[in-house]
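Top line first, the protein sequences correspond to chains A and B.
Each residue of the first sequence is one higher than the last, beginning at 1100 in our numbering.
Each residue of the second sequence is one higher than the last, beginning at 1100 in our numbering.
Incorrect hints may have been included.
Treat identical chains as interchangeable: a pair holds within one or across any two.
Simulated pairs of lysine-lysine, DSSO-like, Cα-Cα distance not exceeding 27 angstroms [stated by the list, open to error]:
{"hint": "1", "residue 1": "Lys1515", "residue 2": "Lys1165"}
{"hint": "2", "residue 1": "Lys1172", "residue 2": "Lys1515"}
{"hint": "3", "residue 1": "Lys1537", "residue 2": "Lys1463"}
{"hint": "4", "residue 1": "Lys1172", "residue 2": "Lys1351"}
{"hint": "5", "residue 1": "Lys1332", "residue 2": "Lys1562"}
{"hint": "6", "residue 1": "Lys1463", "residue 2": "Lys1519"}
{"hint": "7", "residue 1": "Lys1137", "residue 2": "Lys1537"}
{"hint": "8", "residue 1": "Lys1367", "residue 2": "Lys1515"}
{"hint": "9", "residue 1": "Lys1340", "residue 2": "Lys1125"}
{"hint": "10", "residue 1": "Lys1184", "residue 2": "Lys1165"}
{"hint": "11", "residue 1": "Lys1137", "residue 2": "Lys1554"}
{"hint": "12", "residue 1": "Lys1332", "residue 2": "Lys1445"}
{"hint": "13", "residue 1": "Lys1137", "residue 2": "Lys1445"}
Quick caveat, the hints were computed from the structure, so don't treat them as lab data.
Protein chains: 2
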Amino acid sequence: MFDFTATYTDQYQLAMAQVYFENGHKNHHSVFDYFFRKLPFEGGYAIFSGLEDLLEIIENLKFDDKDIAYLEKTGFSQEFLHYLKEFRFQGTVFAVKEGDIVFPTRPVLQIEANIIEAQIIETVLLNLLNFQTLIATKASRMRLVAGDSHLLDFGLRRAQGPGGYYATRAAITGGFDGTSNVVAARNFDIPVSGTMAHSFVQSYDNELDAFRSFAKGRPENCVLLVDTYNTLKSGIPNAIKVAREMEERGQKLLAIRLDSGDLAYFAKESRKLLDEAGLEYVKIAASNQLDEYVIKSLLEQQAPIDIFGVGTNLVTGNPDSALDGVYKLAQSNGKPRIKLSESLSKVTLPHKKQVFRIKTGEGKCVGADVIGLRSESRIEEMFHTFEPYKSMKLQDFEQEPLLHKVMEKGKSLLQKQSLKDIANFSLSRLAELPIEYKRFNNPHIYKVGISGVLKEERDKLIKEYKQLS
Amino acid sequence: MFDFTATYTDQYQLAMAQVYFENGHKNHHSVFDYFFRKLPFEGGYAIFSGLEDLLEIIENLKFDDKDIAYLEKTGFSQEFLHYLKEFRFQGTVFAVKEGDIVFPTRPVLQIEANIIEAQIIETVLLNLLNFQTLIATKASRMRLVAGDSHLLDFGLRRAQGPGGYYATRAAITGGFDGTSNVVAARNFDIPVSGTMAHSFVQSYDNELDAFRSFAKGRPENCVLLVDTYNTLKSGIPNAIKVAREMEERGQKLLAIRLDSGDLAYFAKESRKLLDEAGLEYVKIAASNQLDEYVIKSLLEQQAPIDIFGVGTNLVTGNPDSALDGVYKLAQSNGKPRIKLSESLSKVTLPHKKQVFRIKTGEGKCVGADVIGLRSESRIEEMFHTFEPYKSMKLQDFEQEPLLHKVMEKGKSLLQKQSLKDIANFSLSRLAELPIEYKRFNNPHIYKVGISGVLKEERDKLIKEYKQLS
Chain A
1100 MFDFTATYTD QYQLAMAQVY FENGHKNHHS VFDYFFRKLP FEGGYAIFSG
1150 LEDLLEIIEN LKFDDKDIAY LEKTGFSQEF LHYLKEFRFQ GTVFAVKEGD
1200 IVFPTRPVLQ IEANIIEAQI IETVLLNLLN FQTLIATKAS RMRLVAGDSH
1250 LLDFGLRRAQ GPGGYYATRA AITGGFDGTS NVVAARNFDI PVSGTMAHSF
1300 VQSYDNELDA FRSFAKGRPE NCVLLVDTYN TLKSGIPNAI KVAREMEERG
1350 QKLLAIRLDS GDLAYFAKES RKLLDEAGLE YVKIAASNQL DEYVIKSLLE
1400 QQAPIDIFGV GTNLVTGNPD SALDGVYKLA QSNGKPRIKL SESLSKVTLP
1450 HKKQVFRIKT GEGKCVGADV IGLRSESRIE EMFHTFEPYK SMKLQDFEQE
1500 PLLHKVMEKG KSLLQKQSLK DIANFSLSRL AELPIEYKRF NNPHIYKVGI
1550 SGVLKEERDK LIKEYKQLS
Chain B
1100 MFDFTATYTD QYQLAMAQVY FENGHKNHHS VFDYFFRKLP FEGGYAIFSG
1150 LEDLLEIIEN LKFDDKDIAY LEKTGFSQEF LHYLKEFRFQ GTVFAVKEGD
1200 IVFPTRPVLQ IEANIIEAQI IETVLLNLLN FQTLIATKAS RMRLVAGDSH
1250 LLDFGLRRAQ GPGGYYATRA AITGGFDGTS NVVAARNFDI PVSGTMAHSF
1300 VQSYDNELDA FRSFAKGRPE NCVLLVDTYN TLKSGIPNAI KVAREMEERG
1350 QKLLAIRLDS GDLAYFAKES RKLLDEAGLE YVKIAASNQL DEYVIKSLLE
1400 QQAPIDIFGV GTNLVTGNPD SALDGVYKLA QSNGKPRIKL SESLSKVTLP
1450 HKKQVFRIKT GEGKCVGADV IGLRSESRIE EMFHTFEPYK SMKLQDFEQE
1500 PLLHKVMEKG KSLLQKQSLK DIANFSLSRL AELPIEYKRF NNPHIYKVGI
1550 SGVLKEERDK LIKEYKQLS
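Chain A extracted, bound-state conformation (with noise of 0.2 angstroms):
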């Protein structure tokens, strides 16, 4: 396999810094913004999520020997290659908190340190943070619609490759229960479940028998899985007979598991069978290509499953496998910078910022945030084009700072905290959230304004490049 070492980067990161090392720019200082361009799932809303793992990750980050003989042999110069073997990321990082809601073009994190720090770390920022904010908002719609049910990732096996790792992770933090993944479950204390696969079912002669050889072994927690021959006549009479003599000696059949067929339809004949043989406490577990629109399609069905299993959906972040993040330079030594673009709305914004997130008194969010600089403490002025926050009194309203400092000199400031915690703050963080943001089906868009100040700046730049080319 291989370790998350420096070279755990795209080579122009590497081109680009020698090129800055010979020109004596490699103590330049940058500032650079992480934000992304669209939400994913044309929903209103994402979950921050992979902070404590990428802060982990470059606070260690080095060349080791493999790297630098590599980089060798690709021709990197001796003189270059001797600083590398010292490289450490000594910046500085702002970030929304783990969990928090985000939404497009404001930056979501803000890294100061010497250009070739600076770039070195940016692919693999971008790496993990696209991909756990995707999966963590995939996972949080599921939340919405699941009401009490239990939410399990069963993915790993349909997970891009190692990916499947940190989509674990942020299924968690974006409020799924626990999951089937061992290692992430190892890793990152995460309550784990697993019952029986088909196969269980099909090595024994007969269901029966399967059913009876894993109550016996595994009575805690127990599920059968009652699909593999036929679910009504032979799967839940199965099952039945099992939880009843698991009821002699004192133990309880916990669930059985429906993972084919019309899911709403099966669950309610089993549930009826369930009830009818006195096994009302038997929970039903669904699975088979779950996503947030068929649970919620289930659960308005009224189908009595108490726990999904959810997959492929999930872990890749189907029908969008990437949240479109970017990594922008916004001062470069010294100097503020912005990229050009046809559109005024993709024109990057300079200097060092800072997001305000506006709410009344009650800590309901209002519909907007602003970006301003970092010097400013409160935004008095907002330019916005849309009503009502064209026109919009931000003296009568609350303004949340939303980026804090999470990395000093490559250290990393942030308490641990368990994947519970975060998950539990995205909770109360959508609580502040009208619902007209949280529907699936165009959703209102959270507004974005930037301040008098940074807009004069912005405009300053516009003209003096502009100019230039």
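Put chain B on the given structure of chain A with help from the hints.
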């Protein structure tokens, strides 16, 4: 991060394993098939990838001390943990050659091992093969339409976390020429490629200084990114200046890169300006949301693009995020096994099997594979519902067995080959495939039949199982 230890699996594998262990089934010999049900991208074929990685991982798979301590904490018995400490995969594997063309429903791999070993490796097998096969297939589709153009993987930043590592490997097996992913290039010996980002241009006071500085520092394979400010008014003119300065130093500018706007238009206009300046040798590279359809369209418009850099859509397989590969029990403790389903095409096939590709004497594929028993060296009678295959005279054709023994008693039998070798093999196989299976829209369906002997065995089991249930 994590290692590929044996806990890179689903919890239910371990739950089932403990039951098998305690019931004395641990030495039950089992045979599992790996196959998929649906081709990705609505395409006509898939390219099998990931075999070498898989065999290397399962050859070395074990439960380390951290795993055992974790499993003890989650309640597994001491006797079983003692068994897991000694766990090694000792099975035998038959597989299609890496890079070969594969189709739905027929076995791509067949695993023979004791039931516990076979279950524990299921998850990592599906995880790696599903993903690499998806990406190799995506890459192959771009290779088919890109003609002589150079194809580069630029996807790590948008990959699904560390999935990007294997995405790069799979892209090369599917026909890509190089990558920007340094760690993958290092470990898999792939040509590595990298130029500059917009931030490089922005970090200088003007574009010309940035280009000059880069060309001096990296004169070999120098590629200048020309769209930071204004492609035709500043980017190309500045690149031309620098190319001439390089000529004076006896150097040659390799290429310019376009990363935004209408790539067909900007490529044509840029080519004109470069040619007028006598720089016919300077190539044009393009990137920005490319996929097989965009590349095809650009070349149909005769856009003079020599190098395509592909990111998101390559490394995530967008719009298909997963291959639906499954792992089904075909034989257990000497007995053939099937899984029933309402649809006959979803009933699994029992026994140790072989897949035969039917070919003409000239080595051309005729559009059908036959699945038979492994003990059949040649199929005499094929059952198929479609004409002309229904009445096909098999004696008139060659039959190439596709499954080869690649692992015996846990030891890989694979000859080490380069990714380029795999890619070349893949291209040679595609050359045997008629063009109607390679088109993007409604490709012809490659048929599958089963041998008379296998059909008889399957039908007998269906009857037995239906009586049981």
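A quick look at each hint next to the structure:
{"no.": "1", "hint": "Lys1515 - Lys1165", "verdict": "between (32 angstroms within a copy, 21 angstroms between copies)"}
{"no.": "2", "hint": "Lys1172 - Lys1515", "verdict": "between (40 angstroms within a copy, 22 angstroms between copies)"}
{"no.": "3", "hint": "Lys1537 - Lys1463", "verdict": "within (14 angstroms within a copy, 55 angstroms between copies)"}
{"no.": "4", "hint": "Lys1172 - Lys1351", "verdict": "between (63 angstroms within a copy, 22 angstroms between copies)"}
{"no.": "5", "hint": "Lys1332 - Lys1562", "verdict": "between (76 angstroms within a copy, 16 angstroms between copies)"}
{"no.": "6", "hint": "Lys1463 - Lys1519", "verdict": "within (23 angstroms within a copy, 58 angstroms between copies)"}
{"no.": "7", "hint": "Lys1137 - Lys1537", "verdict": "within (16 angstroms within a copy, 33 angstroms between copies)"}
{"no.": "8", "hint": "Lys1367 - Lys1515", "verdict": "neither (43 angstroms within a copy, 54 angstroms between copies)"}
{"no.": "9", "hint": "Lys1340 - Lys1125", "verdict": "between (73 angstroms within a copy, 26 angstroms between copies)"}
{"no.": "10", "hint": "Lys1184 - Lys1165", "verdict": "within (11 angstroms within a copy, 31 angstroms between copies)"}
{"no.": "11", "hint": "Lys1137 - Lys1554", "verdict": "within (22 angstroms within a copy, 52 angstroms between copies)"}
{"no.": "12", "hint": "Lys1332 - Lys1445", "verdict": "between (60 angstroms within a copy, 20 angstroms between copies)"}
{"no.": "13", "hint": "Lys1137 - Lys1445", "verdict": "within (12 angstroms within a copy, 39 angstroms between copies)"}
Consistency note: the structure conflicts with earlier hint 8 alone.
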